[in-house]
Amino acid sequence: MNMSIQNRLGEIVESNSNGFVAQCYDLYQAPVIGTLVRVGTDNPTFGIVSYVSTEGLNSDRKAIARGKDETSITELYANNPQIAQLLVTSFEVVSMGYLKDNHISYGLPARPPEIHAFVFSCSQSELDHFFTELDFLSLLAARSISAVGQADELLISTLRFMLDLYPAHVTFTQKLVKELAQLFHSDLNRLKLIIRRLKL
Amino acid sequence: MSLDLVQALAKLQEKTAHIMNRHSEGSVQAIKAIKLLSSLSHEEIMQKAQSGKFTWMAAEIHTSLAGKYTKPAKPNNYKVMAVDGSQIDVSRHAPLMYHLINIGKVILTYGESSSAVLESKPEIAVSENELYIEDQDSTRSVPIEGAVLGIKRSLRELETLSETIATDVDEIPTLALLDGTLIFWTITANSLPTSVTDYLINTYLIPSLDRIKEKSIKSPTSLASYISSPKSTDVVNTLRLAICPYSPINCDRHCGTLNAGTRPCDSVNSITDQDIFSIFLGTGQRSEIFFSTSQVIQKYYLGHEIGFFYLNTGKEIARIEIPIWVASDHALVDLTHSLILDQVDKGLGYPISLAEAHEQAVVTPQNRNAFNAIIETMLTNQDVSIGGSQKSSSKQVRWI
Amino acid sequence: MINQDNSRVFLGHVINGSLEQGLLVKIGSGTNIEDIQVGTPVTIDGQSKRFFGYITDMRLEWANQELQDITTVAQTPEVTRTIVETSAFSVIKVRPVVIIAGDAASLLDGPEIAKTIPPHLSMVYQASAEDVSYVFGNEDDRHIWIGSPLALESAQVCLNLEQFVKRSNGIFGKSGTGKSFLTRILLAGIVQKDIAVNLVFDMHNEYGWQGSSEQGHPVKGLKQLFNSQVAVFSLDPEFSRMRKKAPDFDLTIRHQDIEPEDIESLAGILNLTENARQASYKLPRELGSSWFHEFLKMSGEDIKDLSARLSEHESTMLSLKRRLDQFNRLAFIVDDAQGDSIQHIIRTLEQGIHVVLEFGRYEENLAAYILVANLLTRRIRRQYVTQTEQAMATNSETPKPLVITIEEAHKFLTTSVSQYTIFSTIAREMRKYGVTLLIVDQRPGVIEEEVLSQIGTKLTCQLDNERDVDALLTGTSGGRELKQVLSRLESKQQALIFGHSVPVPVVVRTREYGSPESYKLFQNSIVNPTTLDLELDSKDLFS
Ligand SMILES: Nc1ncnc2c1ncn2[C@@H]1O[C@H](COP(=O)(O)OP(=O)(O)O)[C@@H](O)[C@H]1O
Ligand SMILES: [Mg+2]
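Chains as they are written, first to last, in numbering that gives the first Met the number 0: chain A, 0 to 199; chain B, 0 to 399; chain C, 0 to 542.
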C-alpha cells in the first residue's frame, strides 16, 4: 500500500481509447516523455508518456510574467506562493498494451482506463515483462508524429528510455534495432534519423 | 436587428460629452477641496458637526484632515488571508428550491516558509430552516434570497475569515482581507424584522469581529476590507459641513427649499472622496483615518467601529476599511498599509489574495448550469437521496 | 546452424522463378549461405507434388538497396549489421527437374520430368538419402553406386547400367581429376552386374592389371577383381613380363590384317595428304593381301615403278612410304603370326569374357594405338553387324552389348580426323547393334560435335577449358546452370553426371576405389532381393 503510493505519478483526468491525461500531485513532477507507466492494478493498462504540460489550473487563466523585480525563480515562487497552487502539471499517455491473464497484449485496451484511476511508475519486472516483445513499436511509431509535434520525438524518447533500462544488453539493442529496421524499411530517412539521434 | 447601432452610438456620444464636462468641473472642485482640507482644523469641523443638524453622512475625524502617510516597511514573514464569496440565488425555474453560497478562501504565507492554501467551500441550502430566517416576533419568516442572500453571503465571508484566523496557530503578522465594505448597512436598509436583524448581527457579525479582535490581542492581526474605486463621499460630506455658512448647521431650515446644486455647500457636489485623494495622495501614500458615521455602526458595532483610509495603490485610489481596534494601533495600521500595497503589487492592481479568493469563489454560469443538471439527475433518480450526496456533489461543483 | 526437420535439412522458401529459369529460394534465417554448395540436390515440397532438383546458383540480395548507406549513420558495426540483416538475404537458385511424389501413379512410375513448378513459399530442403535413392535407384543387379551427392555423404547416387550401356558415354575431366578411377568403377560395375561385355583399349595399362594412384599406391585392375571373367591381351609382352604380371595373351597384328581403311584412320596422325590416302587404297590390288609389308619393303626404285603403275606421283608414294615406315619398327606387327589374334579377341568377347588390351610401352605411341584400336574395332563391328542382323532374321538372341572403352579419344575423334576413324561410325550408328563407346578423355572440346552429341551420359570431372565445358553442355537442358556447377567441381574425385541414364543431373563425390573394402563391394555379387523372390515364385509356379 505504502509502496503503491510511492510509485504514484498522478491521477487520470481525461481518458479515451488512444490514451489518457493524468494530473500530477505535485507541480513539475511528471515522468519524462518516453516513460512506460501503468494504470490500475488488476488488469493494468500500460502506456507511454507522450506529452507533459504545466498550465493554469483554470483554462481561462493564463500565467503572466511576474519576475521583473525578482532575482531568482525561487524567490519569485516564494513571493507568489499561490502560483504553485494555480498551476498544474499533467502528462499525456498513449496506451500501448494491457495485461491480461499475466500476458501482455500490445495495442489499445478494449476500454479506456477510468477517470481518477491512479497512474504508477512501472517496477523493473513490469518493464522487463512489457519490453519482452517489441510489437508495440509500430503503434508507437504511428502515434509518435501526432503526439509530439513534428518528428519522431516520442518514439526516440521511448527508445532512449528502453535503451537506458538495459544499457549493456547487446542482444536487446540488436533486437530493437532489427525491429526498427523492419518497421521503417520503406522510410529510411526516418530510420536514419532515429539511429543517429540514438547514437546507435 | 435587435440593436440600432447608429442610434446607440449617438446616445453614447451625448452621454460621454456630459461626463467629460463633469470631469473637468470635478477636478477644479477637487483642487479647491484639497486647499480647504489643508486649511481646516478637525476640532473646528467636529464641533460644527456636533452642533449641527444635517443629512450628510460625514466622516468623523479623530486626527487631522489632511494627513498623509508614506508606505511603511513590511515585515519579512507574514500571512495574508482573504475570503470572497459568490452565490446562486434561489430560482423559481430550478427544479429544486435552493441557494448556494460558495466561499473562496486563500491563505498566503510569505517569507521563510512561503506557502499557499487555496480552497473553496460551497454551502447549499435546501431545507426550510436553511432557506428562511424565522421572525421571532411574528409567524412570518424572511426568505433568504436576493438582497438578504447577499447579506448572508457577506456575513459568511466575514465569519469564514474569522474562523480561519481563530484556528491559525501561527503568531506572525497577519492581514485578514475582505472584498467590499465592513459596514453592513444593508442589514438595516432592508426593513427586516428586528429579530431577524438582531439574529444576523448577533449570530454572524459581532462574533466574527470579536474572534478576530481576540486573535489580534495575542498576535499582530489586522482586519481590513478593500474597496476598489470607491464612490463614497464621506470626506466630501465633511467638507460640506466645513463650508456651510450657517451656524449651527441646519440643512432643513436653511436649504430645505433649495434645489440640489444651488445650495452653498454644492461647490463640492460633483466630486467623490476618490477625486480628492487621487490628487492629494502620492503613490503608496494613505490618507488620515476617518470614521464612518453610518447608522448601522452606531447602532450595532460597539467596540468595532469602522474607520477607513484612502490609499493610492499606484493603480487607483482604494478605500480601506478597518475596525477601530486596528485603527488605534499604529503598528497594525502600518501593517495593513504596507501589506495591502504589497498585495496590490503582486496582484497587478488588485490584492492578489482577494483576486485568488474570488477565483476560488466564483460560480460561472456554466457551473450553475452543470450544478442544476446534477440536481435534476439526482431528483429523477429516486435511489439517490439529496441529503446523502449533498456533500460529495457540492465538493464537485467546480472540479469533477 | 542448419535447421533440422525430420532429419531433412531445411534451406528456404520458394519466392520466385520460372520453369525455364529455375526457382529462386530465399534462404531461411537460420541457414548460413556458406554451408550451401552449388550442385547440391534438393527437394521442394509443393502443394501436392514433391520436386527434386539441384542448386544451380546462389546470390546475395537486398530488399532495399538504399539500406546500404546505413553504414554511414550507425556508430557500431553490430548495429549496421543488424539493420542490414533485415534487408539483406540470400537466394539460391534451384532447378526442379523431376517430380518424385504426387499421385499414386507417379509413385509407382518413379521420377517424372517436372512439367510444372511448385507454388510460392514451398519449402525447400536438402535432398535426403531416401530422396536420392528414390531418384537414382538403389544399388542392385542393374544399378551401380557411383558416389554420394554433395553435402550428403550418407546417400548413394546410382547409375542404371542397363540404360547406360545402350548409348555411348563419356568420362571427361582434365588430367588427374579421377577419370581413370571413375572408369574402373564403371567397368567393374559392368563386369560385376554382367550388363555388357567390355573391350578396353588400355592405352596406359591401368585397367587390366593393377594401376596406381597418384600417391603411388597400387590400385587393382579388372583382372585382379574378376580374374577368369577378364582376359588381358598385350601388345607388349615384354613389358608385361617386366612387370611380372603376365598377360593372358599376346596380341599380334599380321600384315594382312592391315587394310587401307586403317591407314586412312591414321591420316591425321601421320599427316597424310589426300593423295596419299587415296593411293593407299590402290595398294592391296597391286600388292596383294600383304600389301602393307610389301610396300614397306620397297626400295626407291620399286616405288618409282609402283608409282608409274598406279599412275601416282612418285612423291606421293614416297611420302606415304616414309610415313608408314615407323610401323616397321612395331614388334607386334608380324609377318606371319601363329594365329589370328584379332579373331581370338572377338571370340573371347563372344564368350562374354571382358578383354583388356594393354599397350605396354606403346602407350606413348599414338599411331600404334590408333592403328590397333581401329583395326580391331572395325573387325568387331563387322562381326556385330552380321551377328545382330542374323539374330534379328532368325529371331534368336542378339549378342551381348559391347562396350568399347577408348582413351585419348580427342586425338582421333577431332573434327579433322574423326571422319576417317571407325569410332565416329560406332558412336553414330552402332547403338542398334549393341556396340557403344565409353570415351575417356580430357579434351571434349576437340571431339567432333556430332560424336559428342551421340553421347548418352556424361560423367565429367573438373574441366578448365571453356571450350571443353561448352562443348559438353551445348544442347543440354539447363546447360547454363550446369556450367556453374561444372566450373565449381573440386579438382579430384568429384564429377557431374548428366544425361540419358540419370533423371537429374547430379554432382557426386565418386565412391572410393582402391581400398580392400572397396574391392570387396565389387566381388560380392549383389542380388536384388526382389528379383530373387520373383524367380523363386515363378519356379514354384511352374514346377
Ligand atoms: N574414386 C576415387 N577413389 C579414390 N581415389 C580417387 C578417386 N578418384 C580420384 N582419386 C584420386 O585422384 C587421383 C587422380 O585420379 P585419376 O583417375 O588417376 O585421374 P585422371 O585419370 O583423370 O588423370 C588418383 O590417383 C586418386 O588418388
Ligand atoms: Mg466580493
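No lab work stands behind these hints, which were simulated from the structure alone. Backbone N, C-alpha and C fix where the C-beta goes; we use that ideal spot for every residue, glycine too. One or more hints might be untrue.
Claimed, not checked - To list a few chain A residues with every Cβ distance to chain B over 12 Å, as calculated:
| no. | residue |
| --- | --- |
| 1 | Asn15 |
| 2 | Ser16 |
| 3 | Tyr50 |
| 4 | Asp59 |
| 5 | Arg60 |
| 6 | Arg65 |
| 7 | Asp68 |
| 8 | Glu74 |
| 9 | Tyr76 |
| 10 | Asn79 |
| 11 | Gln81 |
| 12 | Arg110 |
| 13 | Ile155 |
| 14 | Lys177 |
What the hints assert, rightly or not - Each computed DMTMM-like pair below joins lysine to aspartate or glutamate, with the alpha-carbon atoms no more than 20 Å apart:
| no. | chain 1 | residue 1 | chain 2 | residue 2 |
| --- | --- | --- | --- | --- |
| 15 | B | Lys217 | A | Asp25 |
| 16 | A | Lys67 | B | Glu43 |
| 17 | B | Lys214 | B | Asp333 |
| 18 | A | Lys191 | C | Glu152 |
| 19 | B | Lys214 | B | Glu158 |
| 20 | B | Lys70 | B | Glu287 |
| 21 | C | Lys410 | C | Glu349 |
| 22 | C | Lys410 | C | Asp334 |
| 23 | A | Lys177 | C | Glu152 |
| 24 | A | Lys198 | C | Glu313 |
| 25 | B | Lys73 | A | Glu74 |
| 26 | A | Lys177 | C | Glu65 |
| 27 | B | Lys345 | A | Glu74 |
| 28 | A | Lys177 | C | Glu77 |
| 29 | B | Lys70 | A | Asp127 |
| 30 | B | Lys345 | A | Asp127 |
| 31 | B | Lys314 | A | Asp68 |
| 32 | A | Lys177 | C | Glu84 |
| 33 | B | Lys31 | B | Glu43 |
| 34 | C | Lys431 | C | Glu407 |
| 35 | B | Lys73 | A | Asp127 |
| 36 | C | Lys165 | C | Glu449 |
| 37 | B | Lys217 | B | Asp169 |
| 38 | C | Lys281 | C | Glu300 |
| 39 | B | Lys70 | B | Asp328 |
| 40 | C | Lys491 | C | Glu152 |
Results of checking the hints against the structure:
1. Asn15: The claim stands: A:Asn15 keeps its Cβ more than 12 Å from every Cβ of chain B (closest is about 15 Å).
2. Ser16: holds, 20 Å
3. Tyr50: holds, 21 Å
4. Asp59: violated, 9 Å
5. Arg60: violated, 7 Å
6. Arg65: violated, 8 Å
7. Asp68: violated, 9 Å
8. Glu74: violated, 10 Å
9. Tyr76: Nearest chain B Cβ is 7 Å from A:Tyr76, so the label is violated.
10. Asn79: violated, 6 Å
11. Gln81: violated, 4 Å
12. Arg110: holds, 19 Å
13. Ile155: A:Ile155 is indeed farther than 12 Å from all Cβ atoms of chain B, at 34 Å.
14. Lys177: Nearest chain B Cβ is 45 Å from A:Lys177, so the label holds.
15. B:Lys217 <-> A:Asp25: violated, 35 Å
16. A:Lys67 <-> B:Glu43: Answer violated: A:Lys67 to B:Glu43 is near 48 Å, above 20 Å.
17. B:Lys214 <-> B:Asp333: Between B:Lys214 and B:Asp333 the Cα gap is close to 18 Å, so the pair holds against 20 Å.
18. A:Lys191 <-> C:Glu152: violated, 47 Å
19. B:Lys214 <-> B:Glu158: holds, 14 Å
20. B:Lys70 <-> B:Glu287: holds, 13 Å
21. C:Lys410 <-> C:Glu349: violated, 29 Å
22. C:Lys410 <-> C:Asp334: violated, 28 Å
23. A:Lys177 <-> C:Glu152: violated, 37 Å
24. A:Lys198 <-> C:Glu313: Status violated; Cα separation ~95 Å.
25. B:Lys73 <-> A:Glu74: Since the Cα atoms of B:Lys73 and A:Glu74 sit roughly 17 Å apart, the hinted pair holds (cutoff 20 Å).
26. A:Lys177 <-> C:Glu65: Holds, at about 16 Å.
27. B:Lys345 <-> A:Glu74: With Cα atoms ~13 Å apart, B:Lys345 and A:Glu74 stay inside 20 Å; holds.
28. A:Lys177 <-> C:Glu77: At roughly 11 Å apart (the allowed maximum being 20 Å), C:Glu77 and A:Lys177 satisfy the hint.
29. B:Lys70 <-> A:Asp127: At roughly 64 Å apart (the allowed maximum being 20 Å), A:Asp127 and B:Lys70 break the hint.
30. B:Lys345 <-> A:Asp127: violated, 50 Å
31. B:Lys314 <-> A:Asp68: holds, 18 Å
32. A:Lys177 <-> C:Glu84: holds, 8 Å
33. B:Lys31 <-> B:Glu43: Judged against 20 Å, a Cα distance of about 19 Å means the pair holds.
34. C:Lys431 <-> C:Glu407: It is violated: about 25 Å lies between the C-alpha atoms, which goes past 20 Å.
35. B:Lys73 <-> A:Asp127: With a Cα-Cα distance of about 57 Å, the restraint between B:Lys73 and A:Asp127 is violated, given a limit of 20 Å.
36. C:Lys165 <-> C:Glu449: At roughly 18 Å apart (the allowed maximum being 20 Å), C:Glu449 and C:Lys165 satisfy the hint.
37. B:Lys217 <-> B:Asp169: holds, 10 Å
38. C:Lys281 <-> C:Glu300: Holds, at about 18 Å.
39. B:Lys70 <-> B:Asp328: With a Cα-Cα distance of about 16 Å, the restraint between B:Lys70 and B:Asp328 holds, given a limit of 20 Å.
40. C:Lys491 <-> C:Glu152: holds, 16 Å
Going down the numbered hints, you'll see the structure goes against 4, 5, 6, 7, 8, 9, 10, 11, 15, 16, 18, 21, 22, 23, 24, 29, 30, 34, 35, while the others check out.
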